[in-house]
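Protein chains in written order, with the working numbering: chain S, 1 to 355; chain X, 1 to 355; chain F, 1 to 355; chain A, 1 to 355.
In case anyone wonders, no lab produced these hints; they're calculated from the structure. Check the hints yourself; a few may be wrong.
Claimed, not checked - Output of the computed footprint for chain S on chain X, the stretches with three or more beta carbons under 8 angstroms from beta carbons of chain S:
hint: 1; segment: 200 to 210
hint: 2; segment: 243 to 252
hint: 3; segment: 342 to 353
What the hints assert, rightly or not - Not the full set, but computed from the structure, chain F residues with beta-carbon under 10 angstroms of chain S:
hint: 4; residue: 30
hint: 5; residue: 32
hint: 6; residue: 302
hint: 7; residue: 303
hint: 8; residue: 304
hint: 9; residue: 305
Said to hold, decoys possible - Sample of chain S residues lacking proximity to chain F, with all beta carbon distances greater than 12 angstroms (derived):
hint: 10; residue: 4
hint: 11; residue: 49
hint: 12; residue: 85
hint: 13; residue: 108
hint: 14; residue: 157
hint: 15; residue: 170
hint: 16; residue: 218
hint: 17; residue: 296
hint: 18; residue: 331
hint: 19; residue: 348
The structure presented is a predicted model; accordingly, all values stated were derived computationally and were not measured. Quick reminder that beta carbons are idealized off the backbone N, C-alpha and C, glycines included.
Number of protein chains: 4
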Amino acid sequence: MSKKLGVAIIGCGNISGSHIPNYLKLDNVEIRYFCDIIPERADRAVEKYGCGTAVYNYKELLGKDDIDIVSVCTHNDFHAPISIDFMRDGKDVLCEKPAARTLEEALEMQKVAHETGRLLQIGVVNRFCDNVNHVKKLIESGELGEVYQVYTSFRAHRSIPGLGGDFTTKAVSGGGVLIDWGVHYIDLALYCIGDPTPLTCSGEAYCKLGKDMKDYVCTSMWASDTADFEKGTYDVDDFVSGFVRTTGANITINGAWAQNIGEAETFVDFLGTKAGVRLYYGGKFTMYSTLNGMLTEIKTDFATTGFDYGAEIKAFVESVETRVPNQAHIDRAVITSKILDGLYRSSDAKKEVTL
Amino acid sequence: MSKKLGVAIIGCGNISGSHIPNYLKLDNVEIRYFCDIIPERADRAVEKYGCGTAVYNYKELLGKDDIDIVSVCTHNDFHAPISIDFMRDGKDVLCEKPAARTLEEALEMQKVAHETGRLLQIGVVNRFCDNVNHVKKLIESGELGEVYQVYTSFRAHRSIPGLGGDFTTKAVSGGGVLIDWGVHYIDLALYCIGDPTPLTCSGEAYCKLGKDMKDYVCTSMWASDTADFEKGTYDVDDFVSGFVRTTGANITINGAWAQNIGEAETFVDFLGTKAGVRLYYGGKFTMYSTLNGMLTEIKTDFATTGFDYGAEIKAFVESVETRVPNQAHIDRAVITSKILDGLYRSSDAKKEVTL
Amino acid sequence: MSKKLGVAIIGCGNISGSHIPNYLKLDNVEIRYFCDIIPERADRAVEKYGCGTAVYNYKELLGKDDIDIVSVCTHNDFHAPISIDFMRDGKDVLCEKPAARTLEEALEMQKVAHETGRLLQIGVVNRFCDNVNHVKKLIESGELGEVYQVYTSFRAHRSIPGLGGDFTTKAVSGGGVLIDWGVHYIDLALYCIGDPTPLTCSGEAYCKLGKDMKDYVCTSMWASDTADFEKGTYDVDDFVSGFVRTTGANITINGAWAQNIGEAETFVDFLGTKAGVRLYYGGKFTMYSTLNGMLTEIKTDFATTGFDYGAEIKAFVESVETRVPNQAHIDRAVITSKILDGLYRSSDAKKEVTL
Amino acid sequence: MSKKLGVAIIGCGNISGSHIPNYLKLDNVEIRYFCDIIPERADRAVEKYGCGTAVYNYKELLGKDDIDIVSVCTHNDFHAPISIDFMRDGKDVLCEKPAARTLEEALEMQKVAHETGRLLQIGVVNRFCDNVNHVKKLIESGELGEVYQVYTSFRAHRSIPGLGGDFTTKAVSGGGVLIDWGVHYIDLALYCIGDPTPLTCSGEAYCKLGKDMKDYVCTSMWASDTADFEKGTYDVDDFVSGFVRTTGANITINGAWAQNIGEAETFVDFLGTKAGVRLYYGGKFTMYSTLNGMLTEIKTDFATTGFDYGAEIKAFVESVETRVPNQAHIDRAVITSKILDGLYRSSDAKKEVTL
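One chain only, chain S, in its complex shape:
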């Protein structure tokens, strides 16, 4: 009987709920530790999932030899130190997105992964989703001709997650809508067009609608549990726009956690010389092409939509066993980090930055 791989979950908040059940589905792994600095969260996880031991400080887990795999599900500010500590401790790491708060942190993580030979995968889950992989395959097969331009639109009406909490505090999160939503859109766009190298970034990340926290009007906040409207901080971007050149297609972005436009427009357009695709984020896609002198609009359907965390976790565990990094490896994710960083630097400098 083969020995099972031991898993430690670091951070037991919302996003861990996308990791844990998917580890539990696999025969060859076993969750051995649930760690959270809020003790009740760790305790509750042990109780809920009926396995593992609760710990409240991840450093207690360094040196444990019943851990092979670590899932880092904390706030962004702990992504780098925890991932690095565990890699240096000989573990393979799946770290949630964004890789880190800043490019510097992400590059340090990448460096340690190479030095230690450990796996460092990032939770850019769209790279494992059926809709995205279908589009990638269409592009690779030449169906779209040359893809010369990508437009990513991640615009919501008034959807700031939790005013005055960790999402809206730059020191914790590294940024707002660009780093939180943009990371997914830019990453899947890069993935579909073959992970080209970014060259220039020009854009602006605005901190506007959430600044006057008490008077911000909305119908709900999707991550308001840690929010504090009285004393909390709001110093991140709620709208971002910019233009990115790469060695492949160029990318234009418009994103809003909050904007005074009511239409929700969340999609990625791949503009090719032969055909184009509009991919609805987390959903279906439509391909526009030609056939025998006719214009065609092709709607597609397939079994799995939504965000396939199961496929992400399964691929990670396979990589751990085979030692072959997959499409979500830090070497790929760091490209996205470079763009996020470039756009934030361009916004500060009020001019284009060359990468």
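Starting from the structure of chain S, add chains X, F and A where the hints point.
Relative to the frame of chain S, chains X, F and A by itself:
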């Protein structure tokens, strides 16, 4: 009895049909000449409108003292020389948009206008349209708070005007979708936000879908009369994307004469801190705001939509009489020309240009 | 430490589920008794909510000094006797809507409330809902100008609650769609326009589609637990239409528990000289107005929609403590009862009745 | 060869355009006179249709023996005197709707028709339309069971025809939206349910939105040629609501030339015990019924929609030849007049009137 103002129409193609009937509605002007290098066009205009004399070379009209006003309705390449010749001849000029093929030509036109003291108005008709002026008033009255970002989307599926004709020959037109459609969108955006000074431009203008003219599939071409698929030229942009900083709001643009995305998205978004407006080009607009703690979506309706050439011509004639330039004066239009030029230069240089 | 207010729930059927959890949220009250003539219902409530004592006859609770507040959640026929008995016993009462089966009963309840000085509030929950209060505020602030006409439409396709049960037996319920749904629509309309005095009622309440109970076709019945298609009764109105004059705006009504028109039209139109509002029942509203010579259509959004029983219960308890009746007091609710009564009498007499 | 019937058209304004071409399609009639008090109108009709003689005073046509048929297409105030004069002169008359400004005038017209034995048909064109006749046939065949209630909704947003012209001057038109649009809706409803006798009317006709003519905001006025915003009159109803009892189904009405609700709702609902029909005015209809225990929604389609003036004129000419009155005879139309009169009287008296 007051003497009537004499008008000469230079160029009797499509767009002259938006000028001529609107001059005929006014009591104090009289169209005296119809000029076109295609003689039948000039002759046909004389017959159709029952007035004026046909001429085939505009130079014959220089020195005539029964001309006060000149409407330049030619291809873009003749905008500058004709406008300049008539201004030096002491006439007031209404020149169709874009001001000229290049920024250099536009600046020369502006210089001559100032030297001669003649009026030079450009046909940026949106500045006279009710929908645009309603939005401008809302912004000026503070209804939107600070407008920090504008998004102009002038994207059509496959709508190249006339492959192989003057529209698609850069030497004649100066460019494609950016100079032909973009000029209107950028100009109306600048107008609404108070004509700020542009600072930087980064973008790309692609020449892609029309290049293989014979195999280009579409359902129609809206200006195909002079097209020649066999021997004609197609060397202009059919897709453009970019980011523009100004001393006011920044502007992001996406435009397509042709793209492999079937959705027609032709609107301008004004993103303000208190409210936002989506203005549908040539149509209505929706304002998104808040009221008593509620989010509001305000659809507006008003008598006049579409492109009000009548108001443009009327305002021009009034300016001629009062000697007071109006909102479409070359001094304003040249700001738009700077942005068009900046984007084309950025596209060539593959980097941002500072204006 | 302040003493808590003791609550007795009389009737543990469906509607009590909107009262009980909202009492439990308040710190200063304690539910001490659950009463239902069906013993299992009372027992189940004690078990489910983990508090209180089960009783099966409300008369056992008269004279108890650990009761301050009574929620009457029974069928309509017991609203009057129970409310009156408890008021005479010195308790404050929140009675579900309609106040009673008939105007006579409602007036008797009002009389006893005045005689005893007890609070008698009626469960016209819309008076506590955000959507309704937003509309009321807009009207009060003059935003609509003079509101001259209200149209209430509460028309569903085939939605009779429970054929052959208490809802469809006039002796129990006092009527059908008019008293069950109409009470809410008319009451919220009156509330928004300032509770004017009704003057005349002309209309007809039809008993048509449910009469042949066994052959009544529908997709579901939302209150079918006590229905008995074999031996039950159906003698109430399933369609009602009429015209009501008041000292303020006039009110036109169309209502259907069941009709052979498939469109569900459940809204209230407030027609004002400056603006109008269409309020979707239990949902959002749209305001139609003018601005700078434009017609405007304003859609609104706000955090809380649906029926806010929590606000109703909270306001009731506050009224109990402050002795200040709120907007759902019997003195207001009785105005609605007069209109229901007027319409039923007009329907019987086949002519208008003057109130 | 049979002699042709001679036609005189009295009034050559808009509505005559629905009569004249339909007479011209028939072999057995000949238009011999076009009469209008505005001489150019009469002259233009002679020129346009290439037949007949222009006259400017209808009295000149009395005594002419080459006239058999008269179409009265004037303003409402001349319907009665002209129809009566021509009937006394031995002619058959097709008079536009409404029959007259008031019930008194309509009854006088009916009396003269009976005295003289002449045909007097009213232009209630819906009685000749396919959609309406299909519904009538469904009702007559018992498909809907007992039709117990009709709801007529003729509500438009801001659609007053011509502020300050004859439409909005009560002395000329007899009223506003009720007499102009309501006449059609009520007439077709009565026709479909077998022309029952009306019993009571209670309602209100409001003169609200058009009163401040200069500040009335709208996008267009469909009959603005004779409007005079400076000196004209606006003293008619722009909103009407009411309840009408008949010996058959009762009728509820809501109508608006102008209201501050943006939804256009122009339909008639026939509520039957077995099925119901929603007839879209001038369009298709949907029937809601049941089949084998299922609910069914039946959309219908047929060749002819819109307003079939051709059928109306053809039926009139046939009646002239056969001496058999058709469904648009004054004896039927006068029932509608009674309801219009009843509603206006009820509105003035603020109480129901019994007919």
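Cross-check of the supplied hints:
no.: 1; hint: 200 to 210; result: holds (count 7)
no.: 2; hint: 243 to 252; result: holds (count 4)
no.: 3; hint: 342 to 353; result: holds (count 3)
no.: 4; hint: 30; result: 28 angstroms, violated
no.: 5; hint: 32; result: 33 angstroms, violated
no.: 6; hint: 302; result: 7 angstroms, holds
no.: 7; hint: 303; result: 5 angstroms, holds
no.: 8; hint: 304; result: 9 angstroms, holds
no.: 9; hint: 305; result: 9 angstroms, holds
no.: 10; hint: 4; result: 42 angstroms, holds
no.: 11; hint: 49; result: 27 angstroms, holds
no.: 12; hint: 85; result: 42 angstroms, holds
no.: 13; hint: 108; result: 42 angstroms, holds
no.: 14; hint: 157; result: 9 angstroms, violated
no.: 15; hint: 170; result: 27 angstroms, holds
no.: 16; hint: 218; result: 8 angstroms, violated
no.: 17; hint: 296; result: 35 angstroms, holds
no.: 18; hint: 331; result: 44 angstroms, holds
no.: 19; hint: 348; result: 34 angstroms, holds
Comparing the model with each numbered hint stated earlier shows that hints 4, 5, 14 and 16 do not hold.
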